[in-house]
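Take the given structure of chain A and dock chain B to it, following the hints.
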Amino acid sequence: MTALTLTIDGELLAVPPGTTLLQACRQEGVALPTLCHLDGLQPVGACRLCLVEVEGAGRLMAACLGLVAEGMVVRTDTPQLRAFRRLTVEMLFAEGNHVCAVCVANGACELQDVAVAVGMDHVDLTYQWPQRPVDASHPRFAIDHNRCILCTRCVRACDELERAHVWDVAWRGSHCRIIAGLDQPWGSVEACTSCGQCVDACPTGALFDKQETCGERQPRPQRARLHRGGLP
Amino acid sequence: MTRTITIDPVTRIEGHARITLQLDGRGHLADARFQVLEVRGFEQFCVGRPFTEMAGLTSRICGICPVSHQLAAARAGDKLLAVQPPEAAQLLRRLLNLAQILQSHALSFFYLSSPDWLLGWSSDPARRNIFGLMAADPELARGGIGLRQFGQQVIERLGGRRIHQAWAVPGGVRTPLAPETRDWILAQLPQARATMARVLDGYKRLLDGPLRHEQRSFGSFASLFMALVGPDGCWETLDGALRLVDSRAQVVASALSADDYDRFLGEVLEDWSVLKFPYYRPLGYPKGLYRVGPLARLNVCTAIGTPWADAELADFRGRGGTPASGGRIVTAAFAYHQARLVEIVACLEGIEALLQDPRILDRRVRAHASLNALEAVGVGEAPRGTLFHHYRVDDNGLLTAVNLIIATGQNNLAMNRTVAQIARACLPWPLPASAAIPEALLNRVEAGIRCYDPCLSCSTHAAGAMPLHIELRDASGALLCETVRD
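Protein chains in written order, with the numbering used here: chain A, 1 to 232; chain B, 1 to 486.
The following block holds chain A by itself, in its conformation from the complex (with noise of 0.2 Å):
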């Protein structure tokens, strides 16, 4: 078989097999609004955004990781969906503490994007306001635990790009976060090449270079070059 054919949101087309259905959904030019994934890197269905109703399928889909089936029926725009997705935004604030006015990446960040996408103008559920700390002990960059949402993007780049895996995830529950080594100080973490493919990776202000102060972060593009060197 060279193609397989599906619907999604009522419109029939072909795609090669293997595609995901966030593949097809782009292809189509449906915007489903992710976070955890990022283009190059493996998906891992980790934020539950791309969320996807598939006919006779008895539950939701993660678009990124499902593959397209032959005569699959894709809905990306239910009332239910829309509600989960909201509900799921409002989630990360609330676990939290994402103070835009004063972030890093205000401006030029993938959080604040969906929020606006998804419509949420304000968070129904009560902020948990954790205490977390900032790990500034690299030479050039910091991580803010307060601003992570734990997509592991890090995680992966370094592992999948750097090869380096000086990212991993620890604990569970409330607890769970992002460690450097093993639990170590991220600035004693020999494995480090400080490449800052983490920090471009990041979709928040959680990982940012420390000559950056409030909203200075660019957006990615320009950031991604400015680690390479200039390079395009």
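Bear in mind the hints are in silico, worked out from the structure with no lab data behind them.
Virtual Cβ for every residue (Gly too), placed ideally from N, Cα, C.
This list has only true hints and no planted wrong ones.
Example chain B residues on the side facing chain A (calculated, C-beta under 10 Å, incomplete):
| # | residue |
| --- | --- |
| 1 | 166 |
| 2 | 371 |
| 3 | 397 |
Below 25 Å or equal to it, Euclidean Cα-Cα: the simulated SDA-like pairs (lysine to any residue) are:
| # | chain 1 | residue 1 | chain 2 | residue 2 |
| --- | --- | --- | --- | --- |
| 4 | A | 210 | B | 45 |
| 5 | A | 210 | B | 82 |
| 6 | A | 210 | B | 49 |
| 7 | A | 210 | B | 373 |
| 8 | B | 79 | A | 139 |
| 9 | B | 79 | A | 209 |
| 10 | A | 210 | B | 401 |
| 11 | A | 210 | B | 398 |
| 12 | A | 210 | B | 174 |
| 13 | B | 79 | A | 187 |
| 14 | A | 210 | B | 160 |
| 15 | A | 210 | B | 364 |
| 16 | A | 210 | B | 374 |
| 17 | A | 210 | B | 400 |
Frame of chain A; chain B shown alone:
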């Protein structure tokens, strides 16, 4: 029977406070207090944050003078990096501060204070505001709004937004000045100058007439005055050293470095206000009362350094200078208002001079470095007076201690004294136990506070266990119970 008169809230100031006048059994004033009731707590919750965030974080303290906090934080950041910002950045920061002082003074003079005397102390309180001023004197109101707009537009064109920008950063500023922006600002100056000429002319007529008494006596008492001065003793808003003078024009201390502020400034917490009481340490508390702000800056400096402002400074001293100081020092708090106008003139001339300096267009505006010091004090002259930001950081640049000494706090002792003095002078003593006090008289007491243009949102950040005194009284004033935390 004792009696308490409360003015709550104090209106047309920035923040929340009340004035309490405590009367003794014979109806005389026993005590007068300016009580600040809100806590902001920046000294506490900034701990643990990277010092590079402080310019943006502390600019959120206030919507009126965010630039002042931003500059003090950026200057403290310069010292933590151990860098000197490029020359253009220093000029641009100075330009930003002058625009800030200009717009804040315009707000204080036209929006908050002038309705008292332009509409009358006893005019309807519901109309005694900027809207009442617009109806009564549209040209003056338009001029005042225009001046504030000009200051705000300069700030916006430099830093991208009018309030809560974070353009000044440790090491300099984020972006250089575009020639078009310089030209635009220069083009606005003639109109701003014309407005100020009209305003000064009108205000001096008031000082010669209906405000003659207030200008001399309103909150007039001997005190120290503190401000930054340049190397030649001239008016200064950003660099330079601290100087203190007394009411007889004697220099009490000079060439003081803000880095050593703890050596000559102390801070006391009282149990009835959340606003700290800074004092000049060598004289002790509360004798070490000193004042900061426009009145202090004009008293402390030898000259302003620009022709029109120096002429206005001479007029200011000629009207209010006390005989004890040879006409050199003005002690009445009411003169803060004229001092603001003189400083607006100084800002207009200063902005013009800065923009005519070709160095201000240099593209090199930021020095980069990593952390090179663990403690720093950033200082600057905010519209309301000298502002200190004192930071300690760990080896990674995360804050371990923050102390903010705000202008309004430094005027706290003086504001309390002003309230007592005006209350004694304006109210009909002794007050019968049941006598109603005319609103116009209480408004004069309130206006004593407005002279200082206090910004309480800026100034209440006391960290740790603050002394607390809670009293529960019944309707007759009898004490039922009290809780005291030292």
